[in-house]
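Given chain A, work out where chain B should sit, using these hints.
In order, the protein sequences belong to chains A and B.
If you read the first sequence in the working numbering, its first letter stands for residue 252, the second for the next number, and so on.
If you read the second sequence in the working numbering, its first letter stands for residue 252, the second for the next number, and so on.
It should be emphasised that the hints constitute simulated quantities derived from the structure, not laboratory data.
Just so you know, not all the hints are guaranteed correct.
Copies of the same chain look alike in the list, so a pair counts if it works inside one copy or between any two.
No farther apart than 20 Å at their CA atoms in a straight line, the calculated lysine to any residue pairs in the SDA-like style are these [to be verified]:
#: 1; residue 1: Lys354; residue 2: Asp278
#: 2; residue 1: Lys354; residue 2: Ile340
#: 3; residue 1: Lys354; residue 2: Thr369
#: 4; residue 1: Lys354; residue 2: Gln367
#: 5; residue 1: Lys354; residue 2: Ser281
#: 6; residue 1: Lys354; residue 2: Arg365
#: 7; residue 1: Lys354; residue 2: Ala364
#: 8; residue 1: Lys354; residue 2: Met368
#: 9; residue 1: Lys354; residue 2: Tyr270
#: 10; residue 1: Lys354; residue 2: Val295
#: 11; residue 1: Lys354; residue 2: Gly366
#: 12; residue 1: Lys354; residue 2: Asp337
#: 13; residue 1: Lys354; residue 2: Glu297
#: 14; residue 1: Lys354; residue 2: Pro255
#: 15; residue 1: Lys354; residue 2: Gly291
#: 16; residue 1: Lys354; residue 2: Ser339
#: 17; residue 1: Lys354; residue 2: Cys336
#: 18; residue 1: Lys354; residue 2: Thr293
#: 19; residue 1: Lys354; residue 2: Pro269
#: 20; residue 1: Lys354; residue 2: Ala338
Number of protein chains: 2
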Amino acid sequence: MSSPHLGRHMLLELFDCPYAELNSLEDVRSRLLRITDEIGATRVNENFHHFSPQGISGVVIIAESHLTIHTWPEHGYAAIDLFTCDASIDYDLAERLLVGAFKAGRHERQTLARGQMTVVHPA
Amino acid sequence: MSSPHLGRHMLLELFDCPYAELNSLEDVRSRLLRITDEIGATRVNENFHHFSPQGISGVVIIAESHLTIHTWPEHGYAAIDLFTCDASIDYDLAERLLVGAFKAGRHERQTLARGQMTVVHPA
Numbered sequence: 252m253s254s255p256h257l258g259r260h261m262l263l264e265l266f267d268c269p270y271a272e273l274n275s276l277e278d279v280r281s282r283l284l285r286i287t288d289e290i291g292a293t294r295v296n297e298n299f300h301h302f303s304p305q306g307i308s309g310v311v312i313i314a315e316s317h318l319t320i321h322t323w324p325e326h327g328y329a330a331i332d333l334f335t336c337d338a339s340i341d342y343d344l345a346e347r348l349l350v351g352a353f354k355a356g357r358h359e360r361q362t363l364a365r366g367q368m369t370v371v372h373p374a
Numbered sequence: 252m253s254s255p256h257l258g259r260h261m262l263l264e265l266f267d268c269p270y271a272e273l274n275s276l277e278d279v280r281s282r283l284l285r286i287t288d289e290i291g292a293t294r295v296n297e298n299f300h301h302f303s304p305q306g307i308s309g310v311v312i313i314a315e316s317h318l319t320i321h322t323w324p325e326h327g328y329a330a331i332d333l334f335t336c337d338a339s340i341d342y343d344l345a346e347r348l349l350v351g352a353f354k355a356g357r358h359e360r361q362t363l364a365r366g367q368m369t370v371v372h373p374a
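This is chain A alone, in the form it adopts within the complex:
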C-alpha cells in the first residue's frame, strides 16, 4: 500500500458465532452503532433489516464511507465490511471490538486499498 489511495477497506469474516448473537435485530443494530462511535466514525444514516426466517443485513453510512454487516445465524457466520477514507480510523481496534461483540470463535481479516491512484511522472 505504498502508492497513494483514497480509501481503505477491511473485510472481516466472523465464524463460530452463537446463533442468538447474529439473529437479534436490536442487538446487532445497537452493537454496530456503538462500535461506529467507539472507533470515532461519524454516523450519517443507517438501515437494518431482519430477514425471514433468519439473518440480518445492516448498513451504517458514515462520513468516512460505510460499515456493513450480513449475518447467517444458521452458519454462525457474519460478513462485516468497514470502508473508510479517513486514515485515522483504527482498524485493529475495529477488528477487536467487532470480533468481541459477536463472540466469534474464529475470524479472518483482509485489508485492501481502494482508489489506488496512478502517479504519473511527466517526462
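Chain B only, in chain A's frame:
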C-alpha cells in the same frame, strides 16, 4: 472458489469518470436503483447522501445483501461494492452496466468469496 461459500463480493474501481457523473445525487441514485433492478436483485431499502463540497455515498440493501457506491468526483473515482448471497446474479452484467453508467475510462474488478466454510471430514 471451489470450497463452499455463502456469498460473493465484487469490488469495482472506476477511474477516469467525468466529474458530473459522480456528483449528482439524483443521477447516482437513479442509476444504482435501475442497475439493481436490471441485474435481478430485490431492493429492500436505500440511503444516498451528498457530501459537501462534493462526493456521494449510497447504499442499496438488497435481499441478496448490498450494493454500495462512494464517489470522489474530484479524482474521477468511484468505489462500488456488490455483495450477494444469490449465485444467479450475473456479475459480468453488473460490471458492464456500472462501468457504462458512470462512463469510466478505466476500471478494475476483484471478485472475492465471502463466508468460506471449512468442510470437516469426520475420521
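Going down the list of hints, with the structure as the test:
In the homo-oligomer, the alpha carbons of lysine 354 and aspartate 278 lie at most 20 Å apart inside one protomer (13 Å), although the nearest pairing across protomers, at 41 Å, exceeds that limit. When the C-alpha separation of lysine 354 and isoleucine 340 is checked against a cutoff of 20 Å, the pair qualifies neither within a copy, at 22 Å, nor between copies, at 31 Å. Proximity of lysine 354 and threonine 369 under a CA criterion of 20 Å is satisfied inter-copy only: 19 Å between copies versus 40 Å inside one chain copy. When the C-alpha separation of lysine 354 and glutamine 367 is checked against a cutoff of 20 Å, the pair qualifies only between copies, where the shortest distance is 18 Å, while the shortest distance within a copy is 34 Å.
In this homomeric assembly, lysine 354 and serine 281 come within 20 Å of each other (Cα to Cα) only inside a single copy, at 15 Å, whereas the closest approach across copies is 39 Å. For the homomeric pair lysine 354 and arginine 365, the shortest alpha-carbon distance between copies (19 Å) is at most 20 Å, but the shortest distance inside one copy (29 Å) is not. For the homomeric pair lysine 354 and alanine 364, neither the shortest alpha-carbon distance inside one copy (27 Å) nor that between copies (22 Å) is at most 20 Å. Taking CA atoms no more than 20 Å apart as the test, lysine 354 paired with methionine 368 passes between copies only; the shortest distance there is 18 Å, against 37 Å inside one copy.
Taking the shortest alpha-carbon separations for lysine 354 and tyrosine 270, only the intra-copy value of 10 Å comes in at or below 20 Å, while the best inter-copy value is 44 Å. In this homomeric assembly, lysine 354 and valine 295 never come within 20 Å of each other (Cα to Cα): the closest approach is 27 Å inside a single copy and 28 Å across copies. Proximity of lysine 354 to glycine 366 under the C-alpha cut-off of 20 Å is restricted to the inter-copy arrangement: shortest distance 16 Å between copies versus 32 Å within a copy. Proximity of lysine 354 to aspartate 337 under the C-alpha cut-off of 20 Å is found in neither arrangement, the shortest distances being 27 Å within a copy and 27 Å between copies.
For a Cα distance limit of 20 Å, the shortest separation of lysine 354 from glutamate 297 qualifies neither inside one copy, at 23 Å, nor across copies, at 29 Å. For a Cα distance limit of 20 Å, the shortest separation of lysine 354 from proline 255 qualifies neither inside one copy, at 35 Å, nor across copies, at 23 Å. Neither within a single protomer nor between protomers do lysine 354 and glycine 291 lie at most 20 Å apart by alpha-carbon distance, with minima of 22 Å and 35 Å respectively. In this homomeric assembly, lysine 354 and serine 339 never come within 20 Å of each other (Cα to Cα): the closest approach is 26 Å inside a single copy and 32 Å across copies.
For a Cα distance limit of 20 Å, the shortest separation of lysine 354 from cysteine 336 qualifies neither inside one copy, at 28 Å, nor across copies, at 23 Å. Taking identical chains as interchangeable, the C-alpha atoms of lysine 354 and threonine 293 are never at most 20 Å apart, the minima being 25 Å within one chain and 31 Å between chains. With identical chains, the CA atoms of lysine 354 and proline 269 are at most 20 Å apart within one copy only, with a shortest distance of 7 Å there and 45 Å across copies. For the homomeric pair lysine 354 and alanine 338, neither the shortest alpha-carbon distance inside one copy (27 Å) nor that between copies (29 Å) is at most 20 Å.
Hint check: violations occur at hints 2, 7, 10, 12, 13, 14, 15, 16, 17, 18, 20; the rest are consistent with the structure.
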